[in-house]
Amino acid sequence: MMKFFKKIYFYLILLFLYAPILTLVVFSFNEAKSRGKWGGFSLRWYKELFQNAEIMDALLSTVLVALLAALISTVIGTISALALHKSGTFFRKTMINLTYLPMMNSDIVTGVSLMLLFSFLHFELGFVTLLLSHITFCIPYVILSVMPKLYGLNPSVYEAALDLGASPLQAYRKIVLPDILPGIISGFLISITLSIDDFVISFFNTGNGVKNISILVYTSKTGVKPENYALSSIMFGAVLILLLIINIKEKKKATEGNY
Amino acid sequence: MKKNNLLRAVALFPFLIWIILLIVVPVILIAYYGLTNADGVFSLDNFRQFFQPNYLRVFGRSLYLALLATVICLLVGYPIAMILAGNTFKRKTLLVVLLIAPMWMNFLLRTYAWLTLLEGNGVFNTILQSLGLPKQAFLGNVNAVVFGMVYNFLPYMIFPIYTSISKIPKNIIEAAKDLGGGNVICFFRIILPLSVPGILSGVTMVFVPGVTTFVISQFLGSGKITLIGDIIEQQFMHAGNWGFGAAISIIVMIAVVLCMWLVNRFSDDSEVIMP
Numbered sequence: 000m001m002k003f004f005k006k007i008y009f010y011l012i013l014l015f016l017y018a019p020i021l022t023l024v025v026f027s028f029n030e031a032k033s034r035g036k037w038g039g040f041s042l043r044w045y046k047e048l049f050q051n052a053e054i055m056d057a058l059l060s061t062v063l064v065a066l067l068a069a070l071i072s073t074v075i076g077t078i079s080a081l082a083l084h085k086s087g088t089f090f091r092k093t094m095i096n097l098t099y100l101p102m103m104n105s106d107i108v109t110g111v112s113l114m115l116l117f118s119f120l121h122f123e124l125g126f127v128t129l130l131l132s133h134i135t136f137c138i139p140y141v142i143l144s145v146m147p148k149l150y151g152l153n154p155s156v157y158e159a160a161l162d163l164g165a166s167p168l169q170a171y172r173k174i175v176l177p178d179i180l181p182g183i184i185s186g187f188l189i190s191i192t193l194s195i196d197d198f199v200i201s202f203f204n205t206g207n208g209v210k211n212i213s214i215l216v217y218t219s220k221t222g223v224k225p226e227n228y229a230l231s232s233i234m235f236g237a238v239l240i241l242l243l244i245i246n247i248k249e250k251k252k253a254t255e256g257n258y
Numbered sequence: 000m001k002k003n004n005l006l007r008a009v010a011l012f013p014f015l016i017w018i019i020l021l022i023v024v025p026v027i028l029i030a031y032y033g034l035t036n037a038d039g040v041f042s043l044d045n046f047r048q049f050f051q052p053n054y055l056r057v058f059g060r061s062l063y064l065a066l067l068a069t070v071i072c073l074l075v076g077y078p079i080a081m082i083l084a085g086n087t088f089k090r091k092t093l094l095v096v097l098l099i100a101p102m103w104m105n106f107l108l109r110t111y112a113w114l115t116l117l118e119g120n121g122v123f124n125t126i127l128q129s130l131g132l133p134k135q136a137f138l139g140n141v142n143a144v145v146f147g148m149v150y151n152f153l154p155y156m157i158f159p160i161y162t163s164i165s166k167i168p169k170n171i172i173e174a175a176k177d178l179g180g181g182n183v184i185c186f187f188r189i190i191l192p193l194s195v196p197g198i199l200s201g202v203t204m205v206f207v208p209g210v211t212t213f214v215i216s217q218f219l220g221s222g223k224i225t226l227i228g229d230i231i232e233q234q235f236m237h238a239g240n241w242g243f244g245a246a247i248s249i250i251v252m253i254a255v256v257l258c259m260w261l262v263n264r265f266s267d268d269s270e271v272i273m274p
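Protein chains in written order, with numbering that gives the first Met the number 0: chain A, 0 to 258; chain B, 0 to 274.
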């Protein structure tokens with residue numbers, strides 16, 4: 000009986016979390032332009048989506064910034080984690096505490112502080128500042144996901160590689176890197192997610208007409224175009240399928256017993 | 000050995016540039032703008048301006064509404080975390096995926112979608128009318144803002160708690176039951192105390208963005224509910240009074256650091272769990 004109530008409660012919360020998403024998906028198939036009124040089923044907005052230059056530009060910026068920011072922060076974050084791991088305790092602790100700063104600060108403070116920096120340096124706000132701001136808030140998450148993997152390493156294996164004649168770089172590439180790869184990959188994926196979802200920091204650090212999806216939605220808040228519903232439905236569908244595939248794969252791995 | 004040190008220095012170079020130029024200098028700049036007046040001379044005018052009843056009221060409201068949202072998230076989210084960690088469901092990983100997935104949907108679009116559901120001629124009011132019930136004004140009040148915060152930040156409460164409950168060794172709970180502890184005792188004396196680290200990191204992950212949001216207050220509060228985030232945004236984007244905006248940012252920063260410090264006093268291994 001208790002189990003039944005637990006399940007009901009869980010499904011109610013799921014419904015709560017999915018209510019607006021279902022709304023968006025349903026209205027993406029709505030023939031009528033006004034939200035809230037049903038004008039019959041149609042794929043009109045999916046067609047118009049691909050002809051809407053503004054949305055396509057925003058989508059391109061979003062994807063480009065996410066990929067570049069994730070790539071650059073993964074490289075810098077991983078190298079930094081490796082170097083910090085080998086540093087003295089005091090230096091390492093101080094640096095890691097500083098690394099936490101943008102994670103602890105609220106987004107608005109990080110966004111505003113970067114905007115002040117760019118204006119101080121007379122950088123014109125645009126694609127480059129947007130990218131730099133995203134790299135800034137992604138690096139800590141990469142370091143944070145790589146660091147624990149480094150602590151979990153068995154140092155003897157690395158030393159054995161050196162004893163057997165590998166150079167430090169070779170030993171890193173062949174021994175350390177494969178072991179910390181899961182951490183690097185999860186850092187990369189977290190960065191992509193954060194970048195795509197960010198609004199507040201982007202809002203303060205973009206200009207010159209460069210918009211990502213979040214900013215496009217914000218600036219058109221008085222009337223978000225139905226094309227946006229279609230876009231978000233497609234994006235959500237893609238993410239859901241991706242997550243389910245990962246889930247199934249992990250399950251297979253777990254049943255096969257090789258982690 | 001020398002070569003190793005050189006290698007490390009080269010490896011740390013981008014990191015140091017990042018941490019100094021993009022983390023430390025911007026914070027110093029905020030302090031600089033907040034503590035100087037328009038002529039670039041040291042002054043506390045910006046802070047003095049903040050400590051006026053109307054701004055303090057906005058700050059108090061932000062803290063209060065964020066706290067309210069945090070408490071609701073905790074009360075709603077804790078049972079979910081427990082259900083997820085327990086054995087109610089067989090396919091737990093699938094459910095975790097289902098709980099995370101909404102967070103991949105753009106935050107603004109999700110919030111915007113609630114407008115479609117809750118506005119004057121929205122879906123809920125259409126349903127109410129067809130049932131012969133009067134229309135409700137769901138939006139433009141504090142309830143709507145708190146609702147928006149709970150909706151957007153609930154997963155941030157659920158996952159840290161879920162992680163810490165999952166970490167509790169099953170034999171401790173079994174031992175408590177063997178020794179005659181009922182479900183209630185077991186919860187209050189074993190599960191709840193051992194999940195404190197998760198609760199604390201959940202609380203900060205809901206409270207901090209809640210205090211500083213300006214999107215939720217503008218979308219769901221219809222611009223009628225002003226929060227401290229709105230003031231910062233106005234100062235930087237519309238009023239052009241960067242000094243005042245920077246001063247408020249410093250105050251928000253100090254408030255957040257104080258919260259984190261309080262949280263860290265309660266737990267040594269507070270952890271941040273991201274989607």
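To be clear, the hints were calculated from the coordinates, so they are not data collected in a lab.
For clarity, every value in this text was computed on a predicted model and none was experimentally measured.
Some hints here could point you the wrong way.
[Said to hold, decoys possible] DSS-like mimics (lysine-lysine), calculated; alpha carbons at most 25 angstroms apart, straight line:
1. LYS223/B - LYS6/A
2. LYS6/A - LYS46/A
3. LYS251/A - LYS91/B
4. LYS5/A - LYS134/B
5. LYS134/B - LYS251/A
6. LYS91/B - LYS166/B
7. LYS250/A - LYS176/B
8. LYS223/B - LYS2/A
9. LYS2/A - LYS166/B
10. LYS32/A - LYS91/B
11. LYS250/A - LYS91/B
12. LYS134/B - LYS32/A
13. LYS169/B - LYS2/A
14. LYS248/A - LYS166/B
15. LYS176/B - LYS251/A
16. LYS176/B - LYS6/A
17. LYS148/A - LYS134/B
18. LYS2/A - LYS134/B
19. LYS134/B - LYS6/A
20. LYS46/A - LYS224/A
21. LYS5/A - LYS89/B
22. LYS224/A - LYS89/B
Cross-check of the supplied hints:
1. LYS223/B - LYS6/A: The hint is violated at about 38 angstroms.
2. LYS6/A - LYS46/A: violated (40 angstroms)
3. LYS251/A - LYS91/B: holds (15 angstroms)
4. LYS5/A - LYS134/B: violated (32 angstroms)
5. LYS134/B - LYS251/A: violated (51 angstroms)
6. LYS91/B - LYS166/B: At roughly 15 angstroms apart (the allowed maximum being 25 angstroms), LYS166/B and LYS91/B satisfy the hint.
7. LYS250/A - LYS176/B: violated (32 angstroms)
8. LYS223/B - LYS2/A: Judged against 25 angstroms, a Cα distance of about 43 angstroms means the pair is violated.
9. LYS2/A - LYS166/B: holds (22 angstroms)
10. LYS32/A - LYS91/B: Violated, at about 40 angstroms.
11. LYS250/A - LYS91/B: holds (11 angstroms)
12. LYS134/B - LYS32/A: holds (23 angstroms)
13. LYS169/B - LYS2/A: Given that 25 angstroms is the threshold and the Cα spacing comes to 19 angstroms, the pair holds.
14. LYS248/A - LYS166/B: holds (24 angstroms)
15. LYS176/B - LYS251/A: violated (34 angstroms)
16. LYS176/B - LYS6/A: Holds - the C-alpha atoms of LYS6/A and LYS176/B are around 24 angstroms apart, at most 25 angstroms.
17. LYS148/A - LYS134/B: Violated - the C-alpha atoms of LYS134/B and LYS148/A are around 56 angstroms apart, more than 25 angstroms.
18. LYS2/A - LYS134/B: Violated - the C-alpha atoms of LYS134/B and LYS2/A are around 36 angstroms apart, more than 25 angstroms.
19. LYS134/B - LYS6/A: Roughly 32 angstroms separates the two Cα atoms, so the pair is violated.
20. LYS46/A - LYS224/A: holds (13 angstroms)
21. LYS5/A - LYS89/B: OK: LYS5/A and LYS89/B at ~13 angstroms, within 25 angstroms.
22. LYS224/A - LYS89/B: Violated: LYS224/A and LYS89/B sit about 41 angstroms apart, past 25 angstroms.
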